[in-house]
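Heads up: the protein sequence lines correspond to chains U and G, in order.
Counting along the first sequence from 1, when you hit position 225 you're at 225 in the UniProt record's numbering, and nothing is skipped either side.
Counting along the second sequence from 1, when you hit position 374 you're at 374 in the UniProt record's numbering, and nothing is skipped either side.
It is worth saying that the hints were derived from the structure and are not from the lab.
Remember, predicted model here, so these are calculated numbers, not experimental data.
A couple of the hints might just be wrong.
[Claimed, not checked] Restricting the straight-line Cα-Cα distance to at most 30 Å, the calculated cross-link-like pairs of lysine-lysine (DSS-like) are:
#, chain 1, residue 1, chain 2, residue 2
1, G, Lys441, G, Lys355
2, G, Lys447, U, Lys3
3, U, Lys437, G, Lys355
[Stated by the list, open to error] A few chain G positions that, by computed beta-carbon distances, are all more than 12 Å from chain U:
#, residue
4, Gly35
5, Pro46
6, Thr76
7, Asp84
8, Gln91
9, Asp98
10, Ile229
11, Leu257
12, Pro290
13, Gln317
14, Glu319
15, Met363
16, Asp365
17, Lys395
18, Asp412
[Said to hold, decoys possible] Just a sample of chain G residues kept apart from chain U, beta carbon distances all over 10 Å, derived:
#, residue
19, Ile27
20, Asn75
21, Ala142
22, Ile173
23, Pro186
24, Val207
25, Glu227
26, Asp333
27, Asp394
28, Glu417
Here a beta-carbon is modelled for each residue, glycine too, at the ideal position from N, C-alpha and C.
So you can see what is in the structure, the chains are spelled out below.
There are 2 protein chains.
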Amino acid sequence: MPKVIIVGGVAGGATTAAQLRRIDPDIDITIYEMGRDISYGNCGLPYHIGGEVAERDQLIAATPESFLERDIIVNTHHEVMGVDAGRNTVQVKDILNDRTFDAEYDHLILSPGSAPRIIPALFDVPQAFVLHSLEHLDEIKAHIENEGIERAVVVGGGYIGLEMAENLVHRGIKVTLVHRSEEVYPPLERDMSGFIVDELKAQGVDVKLNAEIMEVDGDTATLTTGEEIDAPMIIAGIGITPRTDFLKDSDIATNDLGYICVDQYGRTNHENIYAVGDAIETSYQHVDRPVNVALAWGAHRMAYVISNQISGDRSVQFEGLLGTNIIRFFDHDIATLGLEVSELDDYPHFVIDHKQKNKAGYMADSLPIHVRLHVAQEDGKILRAAVVGTEGVDKRIDVLAAHIRLGGTAMDLANIEVAYSPPYSSPKSVLNMVGYKAIEKMNKLQK
Amino acid sequence: MPKVIIVGGVAGGATTAAQLRRIDPDIDITIYEMGRDISYGNCGLPYHIGGEVAERDQLIAATPESFLERDIIVNTHHEVMGVDAGRNTVQVKDILNDRTFDAEYDHLILSPGSAPRIIPALFDVPQAFVLHSLEHLDEIKAHIENEGIERAVVVGGGYIGLEMAENLVHRGIKVTLVHRSEEVYPPLERDMSGFIVDELKAQGVDVKLNAEIMEVDGDTATLTTGEEIDAPMIIAGIGITPRTDFLKDSDIATNDLGYICVDQYGRTNHENIYAVGDAIETSYQHVDRPVNVALAWGAHRMAYVISNQISGDRSVQFEGLLGTNIIRFFDHDIATLGLEVSELDDYPHFVIDHKQKNKAGYMADSLPIHVRLHVAQEDGKILRAAVVGTEGVDKRIDVLAAHIRLGGTAMDLANIEVAYSPPYSSPKSVLNMVGYKAIEKMNKLQK
């Protein structure tokens, strides 16, 4: 019976285990998870604080007990400290019992995930938290309830920071958002993101830009601007790093940033070692360029690919990622896909900017959508897309993802026969019009 | 200067005229429209009755005056009575002045549209209306206001009937819906459409199935069931027929039902005669089979194709249609695309049925979506899709339209990298899961 060891039991690891068991009822599966919990909905954590996820336990998809019923062995509080790829063993630390042992595998699946970054000023600050796990959620909730928290500081204006700010506001907590630059939500083009700070202010959030927390003393935080702010609770959302230090003595290949390199089968540089989830480097789907996308869609897809590889169906491959992403920010939807803005310089391209109502313009509740495409001059390939609006943004970004995946160009968007009825679209939809604009632009360039 | 005559000035005709002028500032364009108005948003008419389109004039995209500013001549109340393709002339009746004349063209564009069907029992009934034009809208509104209408009968449970019922309810009018069979909204699979009658009843609509109006006497209508109902206003929405009788003495090819046959350039059997809009027969995009789709998307696309053909860019083609459609019905969204149910028998296929929440299941406001695909056994091609739910249906049908257009199969849906965040989707989206189900089904069939 081949023995599979999975390092990490959250999204990537748990999904791979479940999928593998589904395909192969007999294979021997053991998960080592350093934390307390497995298989919880990471992305849903902020929404329990805001109340949109009513019960905490709704976030839990599987437990060690439910996995055991499917003959999947889960060891929580077990940290994998190293991999000996030559001997096909991992070195495991049983944290609660403070002992270390080696475990043998035939196939190893690495799903160590990422660790939230933390700033030095918040080391050892008891009211400073991150929200990266169910344990963190429990800590934050307990702190809010025990301390009667009515004010909080959110550090970071990225997606975690914005989701935290929104959910704290929904909970009735007065928020101060501290962001180190002027540019909140870096995934979005700077000239498209101005509404975010406006909305934060409209929601009563005190926004401190170009500021960092320098020091915390009691319930007071001092910013690099000199200002002192009330900080009875601080939640930092300033990014993540892959949790791959345990691989440093192995010869499993990682990139400069520590992400584990995998091929289209999810395989590392070792035939029988796979990796999935936040800690992997894969490649873009639409251009030949490496990328790391710490998002759930890719983890779920890769879990499927790896479980098929291991169980013998080698035909299933990972196509790479567009990095399609979206966040809801109060009434706004913000979505992007494709290359990051900073990567665009390497590709001669033009920009299509288009604003149109999300439904027939004569409908009383029609609302504007703004689409920006970065289009390769050479062939019309859509290199990057950004879509913002307050309704129907998710539709447009998903259509773009489906279209790009099958080789559709910007010009080709004119041909997508969307479902038209006044409550949903115009007869020439937002994306159709983007396509017509791309045709005009391309025609001009070719003259 | 080539002379273009356009028969019909509503969606297809007006859009073609505008597009042609945009491409070619010099070409000579004349529109003959038998009705009073041109270029109004047909699909928006019911929503003005319900109040979602606040001002009637918002429905008007262009007028004869605004077209004249762009050097497009519009003759309303002018009915084209015949076409002499040999002599390149049309016979025109100036209705208000009761005179007839011939007009010459170099290119002729037929956009006569469709006429609403009417049942004999409603002939000469003063309070019986259809809603197919702005004139009809004005008549209905005047009748509601002048007669203080508080009750109305809607005849027909197709999309016009359902939209009318909803909008009358929104206006506070008590509705009786009379439908001749048990099966309302025929575009949708019968076993998926049960909620429609439930919702009608929940909205206070009195639903009379298996019934037709047999006779109207004063404000009372007698049904074929013998029942008498209050009918101070009757709106019939029982389908349309192509308005192509004027072609019967020409040799312009039409199909058995009177739809004008066109090729991928929008051309009829005459090199210089094109047709667009409700009255054409085109072909499906995804299977080789003729179809007529009286919807706005195709009219707008064909307007673009024809105007490019005439102005010399022969590379632009019409790809055929999926018939992607959607209606909003109170809180429900109902969408389909592809073959009609009755056409499926000709294609060996299997069915994928899938129900899943529209967003992460732990979100308090997540709502179920039901997707049904009819998939060709041979190659996994999606022959037909139906999607119903109360949120996010339009997204799924549009993604399907984009996917099918570029040759994506049912199995392939697993690979679409949708934008995931708990308020929008699950990590494995509704369509991804449909894809995984199709893979399993296909694997079983091939064993």
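Which hint numbers does the structure go against, in order from smallest to largest?
3, 5, 13, 14, 15, 16, 17, 18, 26, 27, 28
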